[in-house]
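In order, the protein sequences belong to chains A, B and C. Residues 1 to 304 (my numbering) make up the first sequence, in order. Residues 1 to 244 (my numbering) make up the second sequence, in order. Residues 1 to 595 (my numbering) make up the third sequence, in order.
No wet-lab data here; the hints were simulated from the structure. Don't be surprised by glycine CBs; every beta carbon is placed ideally from N, CA and C. Some hints could be false.
One-sided excerpt, in silico: chain B residues whose CB lies under 10 Å from chain A [claimed, not checked]:
no. : residue
1   : Asp73
2   : Ala75
3   : Asn100
A few chain C residues that face chain A, going by a derived Cβ cut-off under 8 Å, partial list only [unchecked claim]:
no. : residue
4   : Pro105
5   : Tyr113
6   : Leu116
7   : Ala117
8   : Leu119
9   : Gly120
10  : Gln123
11  : Leu248
12  : His281
13  : Tyr282
14  : Leu284
15  : Leu291
16  : Leu292
17  : Ile296
Just the calculated beta-carbon pair ranges, DEER-fashion [to be verified]:
no. : chain 1 : residue 1 : chain 2 : residue 2 : range
18  : C       : Arg277    : A       : Val77     : 26 to 32 Å
19  : C       : Leu16     : A       : Arg89     : 30 to 36 Å
20  : B       : Gly16     : C       : Phe351    : 28 to 34 Å
21  : C       : Trp82     : A       : Ala286    : 33 to 39 Å
22  : A       : Met1      : C       : Trp82     : 49 to 55 Å
23  : A       : Leu256    : C       : Arg277    : 43 to 49 Å
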Amino acid sequence: MLTLQLLVNGIALGAAYALCALGFVLVLNATGAVNFAQGDMVMAGGFVAIALVSLWPVPGLVLLPAVVLITGLLGLVFSAIGYFPLKSRPPVSVFISTIALGVIFQNVAMVTFGPEPRATPPLLVAGNVDVGGLTVSIQAIAVILIAALLVGGQHVLLMRTRLGQSLRATAQDREMAAALGIRVNLMIALTFALSTALAGVAGLLLANTYFVTPTDGTNYILKAYIAATIGGWGRLHGAIAGAMLIAVFEVMFPALPLLIPVLPVAIHGMFSQTSASIVLYLALLAVLFLRPQGLFGEIAQRRA
Amino acid sequence: MTVPLLHLDGITVHYGRMLALCDVSVTVRPGEIVALVGNNGAGKSTLLKAVIGLVRPSAGRIMFSGTSLDELDTATRIRQGIGYSPEGRRIFPGMTVRENLEVAWRGERAAARIRLAEVYQLFPALEVNADVPGWQLSGGQQQMLAIGRALVSGSRLILLDEPSLGLAPALTRDVFARIRNIASTGRAVLMADQNIATALAVAHRICVLRAGRLVAEGPARSFRGREEIAAALLTGEPNAARLG
Amino acid sequence: MSRRALISGLMPFAGLACLVAWPLVFNSPYDLRVFTLVGIYSILVLGYQFIFGHAGALALTQGAFFGIAAYVTGILGAKFGWSFPVTFPLSIVAPVLVAVVVAIPVLRLESHYFALATLGIAQVALLIAIKWESVTGGANGLAGVPGIGAFGLVLPRGYPTLAFVWGIAGVCALVAWWLMRSLRGRAFQLMRTSELAAMSIGLDTARLRFLAFLLSAAFAGIAGALHAHTLRVVSPEVLEFHVMVTCLTMAVIGGRTRVVGAFLGAFLLVQLPEWFRFLEHYYLIAYGGALLAMIIVAPDGLVGLLDRIGARLGLRPRHTLPAPVPLPSAAPEDVTAEVPLLSVNGLTKRFGGVAALEDVSFQVDRGEIVGLIGPNGSGKTTLVNIVTGLTPADAGEVRLMGQDITHDPAFRIVQRGVARTFQLIELVDDMTCLENVAVARLTKLGAGFGRSRSPTEVDAPFGLAKRQAAHLLERLGMLEAAFEPAGNLAQGLRRRLEIARALALEPRLLLLDEPAAGLNEIEQQDLAIRLKGLRTSGLALVVIEHNVPFLMAIADRLVCLNAGRVIAVGKPSDVRADPNVVAAYFGAQPADGLP
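Required output: the full structure, derived from the provided sequences and hints.
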C-alpha cells in the first residue's frame, strides 16, 4: 500500500520533471544547444504563479493559462537575448549565455521574492481522496493529469499539425527546412517559447508540494539533463521515461528501509534524499560510460 | 519566343575569398528543362542555391517571371512556387514519407494536394511507403522522395541537384520522361547533373560549367554526343563553344 | 616608433606597480582579505584556462577540485592538526587523483556529455561533503582550520598571508605562461580550432587534453588549500555550483587563454561585488548581465578587447623575420628498392550496407606523383582517410615501406612519415602563417612543455621551428605573408600554407585532397609547378583531384576509382582514354550495371 502511494507521488514528481526535460530536449533538437537555464524557467513558473495568486487568489488550475502565456513570452525574450546573437558561434557559447541568463533569473527572483521557500495554492483543493483503499493526494492526481494532458497536447502539436511539422523539420535539418520556405528563425523562437512554457507549468505543478526557492533551478536542470541523457540524447519519449525513472527512484529510495523491513537498522542512515542523489549521479556517470547513446537509445539512429 | 520564367543575369558568387561562380547567365522558359553539367566544384549547386537565396551573389540579378528576387529571403522566394531538391537528398529522417512531402506544401491547399497525388503517381513506391520514416528508406527511395518534395512545392519552377544520383538508369529515364510531361504543362525544371548522359537524355537545353564559368551552352540535340562535352571539360579550354 | 615600443614595454611594469600599490592603499584588514581572495581566484582561473581555454573543453569540475582541496586542508588541519607543509601537497594531490580517475571515462565524451558528466562529479562531491558529517562537519562545515605555517609558527593574517598567497599566484602565473608560451601552446590552439588538423600533424590530442585536465586540477588544488587557510573555515559552499560559475565567468570576462586575463577576471569579479555590496542581489543580476554581454560582444574577454585596442593604436609588437633554416635532410634510410613506399592491398570499407571501398589495391613509389580520380562518391576521400588512420578499414592492409600501419592511430602514422591536407582547408585563422607551419615541427623537435633554458631566453625549439617554418614558406613562395594571420589569405595561399605545414612534418608521402579546388587558372598553374618541385627529395605525392587537366600536367600515374573499385591504373594519357574511365566519369551506363 505504501509502495503504491509512493509510486503515485513519484509519478507526479516525474510528470513535472518530464515537462521540464521535454522542453529541454525540444530546444536541444531545434538548436543543438543546451539551455542551462531550463531549470530556472521551472523556478520562474513557480514564482509567476505565486505573483499571480497574490493579485488574484484562485486555485492553481485557473492560473495555468496565464503561466503558460507569461513563461512562453519569457521564452521568446530568452531566445532573442541568449540564443540568436550567438547562433553562428560554437554551441558552448550558448551554454555559457544560458548559464548567465540563469544567474539573472535566479537573482531577479531573489530580489523580488526573497530566499524563503514559497508555495502555490493547490491546483484544485487540498486534501486526499480514497481510491480503492489507497489514500492519494488530490494534488498528485491533478499534477499527473495536467502533465499527461500537456504531453499529449505537445505530441498532437508536433505530429498532427502543419506548425508541428515545420517545427520538426527545422529541428531535423534547419538548412533544408529553410530551403523549403519554412521560416526557421520563427520556428526556433517558437520552440523556445514552447520549451519555457512547459518548464513554467512544471514550476506551477511542483510549487505546491515541493515549494519554490530562487535557487531551485540547478536541481531541475540537472534532473532534465540526466533524464535527457539516460533517455538517449535528443529523444522526446526517452526523456519522459528518463524523468519518470529519476523521480520514482528519488521518492522510493529514502523509503526503502520502510518498504523492506529486513534491511538491518545499521544501514538505514544510508537511505536519504542526499544519498539518493549521489546514487543518481553515479548511475548517470555509469550510463555515460557504458551506453553513451542512452538507456533507451539505438546506436545507429539519427536524432528525430 | 516565350517570356523567360527564370533569368539569371551575370551571377557571381564568392565563398569567402574563393570564387565559386563568375558572371554566369542562364535563362529558363516555361515548360523547359535546362541541365547544368560540369565537374564537381564547377558551381552547379551554387547556382541553384543562388536562385532560392541560400547563397547571396556578389554580383548579378535574378528575375523570376518578370520580378526581381534579389531582395527577397528564401522563404518568400519559395512561396512564389519554387521547389528545390538539394544534393545529398536531405530528407527529414524522423518524419514519414507523407510528412516529408506535406511539409513542402506552400500556397493553396487544393493545388498542393493535386501535386502530391501527381508525385505518388510518379513514384508509386512512395505511396506504398507513405508511413515509413525517412531514415528507413533505401538510397533510391530517398532520391525519389527528394525529387517528389521539390515537385510538391514547385508549382512553377523545380530545381533539382543531382537527381539521377542513386537512381537506376532505367528509372531515371522513366522519371524524366514523366517530368517532361509535367513540365509541358508550363512548369520548368533547372537541374544540375554530373551525369552527362542523363542530362543529354532528359534536358531541352544544356549549360556546361567549368570552374565557375559557363563554357558552352545550347539545345541538347545540338551537342553531337557526350564526348564533345567531355572534351570541353577534360581539356578545360573555354573555347567559346556556343553551340546552336 | 620607439615611444610605442616604450609604452608597450612599460605596460607590464605599470600593471605590476598597480598590483603592489593596491593593498597599500586599501589596507583595512577586510580589504586585505578580499585582495588575498583575488590572488586565490587568479590561481583557480589560471588552472581553469588549461582545460577550458587551451584545450577548449567546457569542464564543470574546476569548482569541485577547488572544494575537494579545501576540504582536504580543512580536515587534515582542523581534525588532525597537521600543518601546511604536509597538508598543502596532499591538497594538490587529492584533486589530481580525482581528475585521473574521472578522466578515464569522462574525457573521451563529446562536448555536452563532457560538461554534464563533469557537473555530475561536482554534484557528487558536494553531496558527499554534506552527507558525510562525521568527517566533513556536514552542512556546518569545519571551523578552526589553521593558518599557513610550519613548525609551530603561523603566518599572521593581513600582509604576510597576502604576500604569501600572491607569491604563489606569481609562481603559478610564471608556470602557466612558461608552459603555454612555446610550441605547445600553439599546439593547443590548433587542437581547439581543428581536432582533425591537430591529428594530422601527429598530435596525440587525447593525451594533451588529459594533461590539461590534470594541470587544471593541480592549480585548483593550490587555490582550494589557500582558500581554506585564508578563511580558516571550510563549508559546503566551496563545492557549490556558484564557485564554478564564478570561475567560468572570470575566465570568460578576463580572457580564456592569457595569464593576464586570469588576474583581470579574478580582480574584477571579486573586487566589484565588494564595492557594490550595498546592492546585494542586484549585483548578481549585473554579474549575469556582464557575463552575457561579454560572451556576445567580446568572446575573447577583456584581454582580447585590450589587444584589439592596442592593435588599433599601433602597439602591436614588430615582427622580425627569422632567418630561414632548412629542415634536416632525411636520414639515409635502408632502401630496399623492391619494397614500395606505400602499398595498399585489398582495402575494403562499408558504411552501413554500402561499400565505399571494395578490394582496392595500388602502390606508390618514392618520388612519384600519383593522381587519384573518380566521380563523386567513388571512395577517394575514404581511401585517404583509411591510409592516414582517421577511418578504420574493414578488411585489407596498408603498408608503409613494408611495415603494416593499417591499425596505427592517426598521430602515429603521421610520425611514420605520412602527411596530408584536407578538402576543406583546416588552418588556425587567427594564428600567423609562420606559426601555423611552425606548430607542425612540434613532434619532430620534441619540444616538451616549454623547453627553454631560462624564462627570458626565447624558447629554443620554438625559435628553431619558426626558422624552419620560414624556410618552408620561402620554398612555397609565400615568405612575405609570414606574419599575416592565416584567415586573411586568399584561397590559393591557404592551400599552399596547408602544404607547407604538411611538409614541416618531413613526410615521405604527402596526400593532397583536392588541392586545386577553388583556385583560379593562374593559381593552379603555379601550384602544379610547386608540387612537381617537391618530389626532388624522394617525397611521393598522392593527389585527389576532379580537375583532370590539372592532374594531367603533374601526375606520373593515375588511379581511377569508381563505386569503390579501382577501374584503371596507368599513364595519365592511357587512363584518360580508357573507355571504362570515360564511362564512369561521364555517365554512360556501364555494362555490368551500376545500381
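Report task. Could you tell me whether the CB distance from C/Trp82 to A/Ala286 stays inside 33 to 39 Å? Result -> The hinted range 33 to 39 Å holds for C/Trp82 and A/Ala286, with Cβ atoms some 35 Å apart.
**Report entry** 49 to 55 Å as the expected CB spacing between C/Trp82 and A/Met1, which holds or is violated
**Finding:** 53 Å, holds
Requested in this report: May I ask you to test the interface hint for C/Leu291 with respect to chain A, counting a Cβ-Cβ separation under 8 Å as satisfied?
Outcome: Since chain A brings a Cβ to about 4 Å from C/Leu291, closer than 8 Å, the hint holds.
Query raised in the report: Close enough to count: is the Cβ of C/Leu116 nearer than 8 Å to one in chain A?
Result: Holds: closest Cβ of chain A sits about 5 Å from C/Leu116, inside 8 Å.
Query raised in the report: Holds or violated: is the Cβ of C/Gln123 closer than 8 Å to a Cβ in chain A?
Result: OK, holds: C/Gln123 within 8 Å of chain A, min 5 Å.
Report task. Take a look at whether the Cβ-Cβ distance between C/Arg277 and A/Val77 falls inside 26 to 32 Å. Result -> 29 Å, holds
Query raised in the report: Is the shortest C-beta separation between C/His281 and chain A less than 8 Å?
Result: Result: holds, 5 Å to nearest chain A Cβ.
Query raised in the report: Once the shortest beta carbon distance from C/Leu284 to chain A is found, is it less than 8 Å?
Result: 4 Å, holds
Query raised in the report: Taking the CB of B/Gly16 and the CB of C/Phe351, does the distance hold inside 28 to 34 Å?
Result: Given about 30 Å between the Cβ atoms, the range holds.
Report task. So, B/Asn100 near chain A? Judge it on the closest CB pair being under 10 Å. Result -> With Cβ-Cβ at 8 Å, under 10 Å, it holds.
Query raised in the report: When the nearest CB of chain A is found for C/Leu292, is that gap smaller than 8 Å?
Result: 4 Å, holds
Query raised in the report: Can C/Ile296 be said to touch chain A, with a Cβ gap under 8 Å?
Result: 5 Å, holds
Hint violations for this structure: none, all hints satisfied.
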